[in-house]
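Undergrad: Going down the list, the sequences are from chains A and B.
Mapping the first sequence onto our numbering, position 311 (from 1) lands on 311, and the numbers just tick up by one.
Mapping the second sequence onto our numbering, position 130 (from 1) lands on 130, and the numbers just tick up by one.
Treat the hints as calculated values from the structure; they're not laboratory data.
All C-beta atoms, glycine included, are put in the ideal place defined by N, C-alpha and C.
Heads up, some of the hints might be wrong.
Cut-off 27 Å, straight-line C-alpha distance, at most; resulting in silico cross-link-like pairs (DSSO-like, lysine-lysine) [unchecked claim]: (1) B:Lys467 <-> B:Lys154; (2) B:Lys296 <-> A:Lys475; (3) B:Lys179 <-> B:Lys214; (4) B:Lys87 <-> B:Lys113; (5) B:Lys154 <-> B:Lys504; (6) A:Lys154 <-> A:Lys117; (7) A:Lys502 <-> A:Lys154; (8) B:Lys214 <-> B:Lys154; (9) A:Lys475 <-> A:Lys154; (10) A:Lys478 <-> B:Lys467; (11) A:Lys467 <-> B:Lys478; (12) A:Lys467 <-> B:Lys475; (13) B:Lys296 <-> B:Lys117; (14) A:Lys467 <-> B:Lys117; (15) B:Lys154 <-> B:Lys117.
Which chain A residues face chain B? A few, computed with CB under 8 Å, are given here [to be verified]: (16) Met238; (17) Glu323; (18) Leu371; (19) Phe408; (20) Gln425; (21) Trp461; (22) Asn494; (23) Leu498.
2 protein chains.
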Amino acid sequence: MAAQRRRSKKTSGRRTRLKDPFDSAHPIPYITRRVPVYELASEELLEIIENNAETVLEDIGIEFRDDEQALELFRSSGCRVEGNSVKFPRGMCREIIQNNAPSEFTQHARNPKRSVKIGGDSTVLVPAYGSPFVRDLDNGRRYATLEDFENFTKLTWMSPFLHHSGGTLCEPVDIPVNKRHLDMIYSHIRWSDKPFMGSVTAPERAQDTVNMAKIVFGESFLDDNCVITSLINANSPMTFDATMLAAARVYAENNQANVISPFILAGAMSPVTVVGTCTQLFAEALAGMTFVQLTKPGAPVIFGTFSSSISMQSGAPTFGSPEPSMVLYIAAALARRLGVPFRSGGGLCASKVADAQAAYESSNTLQTAMLAGVHFMLHTSGWLEGGLTMSYEKFILDTDQAGMIQVFLSGVDSSINGQAMSAIQEVGPGNHFLGCQHTQTNFESAFYRSAVADNTSFEQWRDDGEKDAEMRANKIWKDMLNTYEPPSIEPGVNEELLAYVKSKKDSLPDLNY
Amino acid sequence: MAAQRRRSKKTSGRRTRLKDPFDSAHPIPYITRRVPVYELASEELLEIIENNAETVLEDIGIEFRDDEQALELFRSSGCRVEGNSVKFPRGMCREIIQNNAPSEFTQHARNPKRSVKIGGDSTVLVPAYGSPFVRDLDNGRRYATLEDFENFTKLTWMSPFLHHSGGTLCEPVDIPVNKRHLDMIYSHIRWSDKPFMGSVTAPERAQDTVNMAKIVFGESFLDDNCVITSLINANSPMTFDATMLAAARVYAENNQANVISPFILAGAMSPVTVVGTCTQLFAEALAGMTFVQLTKPGAPVIFGTFSSSISMQSGAPTFGSPEPSMVLYIAAALARRLGVPFRSGGGLCASKVADAQAAYESSNTLQTAMLAGVHFMLHTSGWLEGGLTMSYEKFILDTDQAGMIQVFLSGVDSSINGQAMSAIQEVGPGNHFLGCQHTQTNFESAFYRSAVADNTSFEQWRDDGEKDAEMRANKIWKDMLNTYEPPSIEPGVNEELLAYVKSKKDSLPDLNY
């Protein structure tokens with residue numbers, strides 16, 4: 001016993017010397033899936049969808065609007081191009097993608113310990129993206145600012161269950177539209193050392209993202225390595241616009257990753273059926289990924305979907321309902337068969353506050369994304385109101401769910417210790433397991449420990465002020481921001497980044513488009 | 001067009017004449033699963049658990065406390081019995097169950113249209129069970145009364161997504177313990193016509209349940225048909241008590257169904273690991289189901305689990321976390337391999353109110369139960385606070401989730417209409433689907449319509465009073481109770497039931513045990 005104690009003391013001393021406490025709290029950079037995916041659709045159904053998608057590509061075609069360069073590229077590759085419409089020979093997109101796009105790739109972080117693998121058996125959890133508003137319990141709903149953006153960068157960095165810094169965590173509405181990407185990229189790089197997403201609102205902003213990444217990673221590193229992942233939405237149905245294409249081109253030419261994401265509210269932007277929606281979004285994704293592979297063969301690309309449905313009474317978007325879950329399961333299977341990484345899911349909801357509706361809807365989508373085999377789970381944390389609002393409290397609540405997803409996907413321990421026959425033998429009928437040797441040994445790692453859930457008695461909860469989950473989350477994010485300390489950065493790199501941002505901003509007028 | 005309008009008018013006229021509007025709102029009595037289950041564990045792991053469970057049965061044994069009749073039954077069947085401990089020869093339980101227990105059976109309702117199939121490809125959703133408290137937004141948390149019990153019977157009956165009236169919807173604490181089962185059974189029979197669960201707190205109360213069922217269904221109907229399903233909890237670890245055994249015996253001897261349910265908070269009542277917990281609960285379930293099959297070969301039996309975990313800091317029960325989901329998936333697979341129906345799941349949570357915590361936890365468990373292939377989903381609706389409280393608002397919110405489960409399990413429509421190629425063709429790139437022919441045709445059935453979710457704009461929601469999900473649910477259950485009309489019952493049967501209840505009550509002193 002004494003010897004054992006000495007040894008463990010020594011070990012813990014060594015640990016203190018060698019390990020950064022932040023690193024200990026972030027033991028893994030991303031999830032390695034050790035459980036099967038859920039296969040909703042039969043092989044036959046997947047083949048029907050694949051065939052129908054080829055028919056859409058061949059007979060109906062996809063519009064690539066006002067981008068002569070794209071249209072010429074398709075024409076010279078054997079497509080029928082008329083006006084903006086591109087019709088693809090049957091099987092062409094699949095062949096080009098399968099011959100060129102990587103089935104998995106690494107997105108490097110400026111801290112190599114936080115680089116993530118995208119594709120294969122990996123799952124990367126990413127915060128929500130794109131909301132113009134933020135909400136917290138103290139100040140309610142308001143336009144987002146750069147301070148909010150920086151706060152969410154910091155909260156994401158501190159969370160052990162989010163693996164990626166994300167992109168437009170919220171829109172810093174206090175900064176002109178044509179300049180805010182510079183502040184956002186700087187924030188991701190400076191206040192986090194996890195990987196991040198680039199600007200897509202104009203090709204020159206994509207280029208700024210690439211240029212700033214080159215300051216951090218070095219000019220030539222980007223030639224062979226992915227350090228930026230960016231979100232390219234299709235304008236469903238069956239349309240890509242010039243802005244998105246131009247941004248995607250910049251990233252592809254620089255060998256950086258594009259998530260090609262049909263953005264679909266089924267019933268409005270696709271048919272009212274699951275299979276019809278899957279068919280259309282697959283055709284759109286095939287066309288978009290083909291554009292990337294023709295632009296730069298081998299550039300990393302992710303098949304993305306954002307698919308929900310609408311209320312047939314009001315036309316309003318709805319979330320967490322069964323049909324979008326079906327679409328997600330099927331789209332994930334189509335991505336696997338194609339052999340490219342897949343993006344979907346997240347804590348999607350229509351609710352205006354972090355109430356029961358928000359949680360049911362978010363959990364339904366998170367569970368679906370978890371079991372579908374999503375590789376890049378955008379919108380994991382913070383979403384409210386169909387993405388219009390990023391909520392501080394919901395961010396904390398969703399991130400707790402991200403922790404549970406990490407435990408589940410890490411799989412079942414079937415070792416001798418996991419089988420626990422010694423515990424059942426030791427305790428026997430009618431006794432409890434709290435004090436047995438096996439419980440003592442496994443105490444630390446036994447069960448996922450939620451930071452937000454209140455599991456106390458009713459009386460304790462009442463005496464503590466009857467706080468609901470949203471109120472408890474409010475304290476947590478404030479405590480986190482109060483204890484935030486930035487990751488280190490090389491001073492020269494930081495100065496160069498700041499100089500780049502300043503010179504770019506000085507060179508531009510303030511524009512709000 | 002005119003001809004079409006005339007025809008549809010005629011059809012709708014015929015419908016009004018032939019169909020009870022209540023029946024139209026309840027088009028199916030239970031869910032027929034048309035999607036695959038999620039298989040978490042490999043064959044190898046399931047075999048390890050089965051083997052280990054046999055070792056528990058053979059070497060450690062199960063205690064059947066203070067029930068000489070049970071002990072003698074096991075002794076004469078070849079078990080080693082010492083004191084209360086029963087040790088089973090390897091493979092004996094499995095063989096007895098597989099040779100005798102039905103893999104699926106029908107539980108008849110007094111209205112044949114509401115009879116349910118339990119097992120196979122069916123899923124039956126059942127409200128929560130057993131809470132001493134109720135809660136609603138107006139009156140907060142308080143002890144439950146018979147009026148509450150009747151209210152939940154009515155709400156369950158009115159819901160198209162709950163297929164079963166359940167059992168102890170809440171404890172009518174205003175009625176003496178030894179009499180309240182009479183009021184509960186009468187309530188299930190009178191205020192609903194869906195199937196129900198029996199009393200298990202004493203063998204004479206089980207017998208009352210059987211006697212009252214015979215008044216409704218006729219003396220001989222019960223000989224060959226199941227009309228009662230009852231919940232028999234094991235006292236984990238590895239113990240059955242005399243009360244539960246005696247109640248189970250009454251039901252088995254009368255050919256009625258028993259749900260044999262190890263009730264486990266892992267870490268306290270089973271090992272802290274998933275595989276250890278599965279091993280123990282499977283051994284307990286095997287022993288309990290063997291007791292039933294030895295008592296009455298062929299009597300319907302359901303393998304039940306109630307498994308959650310505890311907080312290792314406080315010992316408090318926790319819900320909706322990943323480890324219990326793993327246990328649920330594995331237990332369901334063990335039930336399939338054994339060939340018996342499976343009970344688990346529901347909207348389990350530790351929260352004191354119907355907030356985000358309640359919803360995340362409930363949804364995580366509901367989604368797991370949905371995909372695991374649960375046949376009898378007890379606790380689908382209403383649970384709060386680890387089962388201590390039945391909430392009116394949570395009941396409404398969970399039942400909305402039950403509706404989504406029904407849609408999901410009903411499967412993907414892969415018909416020509418489901419494929420919707422005509423819609424994609426008609427609409428084409430850049431347009432919307434709202435007005436196209438296919439959308440018009442499928443408008444009614446297109447997507448699940450939640451009665452609780454608020455999908456309006458922020459401004460609309462704000463102007464409507466910023467109501468959260470719990471507040472909206474409050475209005476719904478009140479509206480339901482206000483419009484409740486009881487199902488018809490034969491006056492003679494009703495009188496006989498009332499007379500039975502009265503004479504039983506008159507013959508008993510008021511006891512609170």
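Undergrad: Which numbered hints are broken by the structure, listed smallest first?
TA: Hints 2, 4, 14, 22 and 23 not satisfied by this model.
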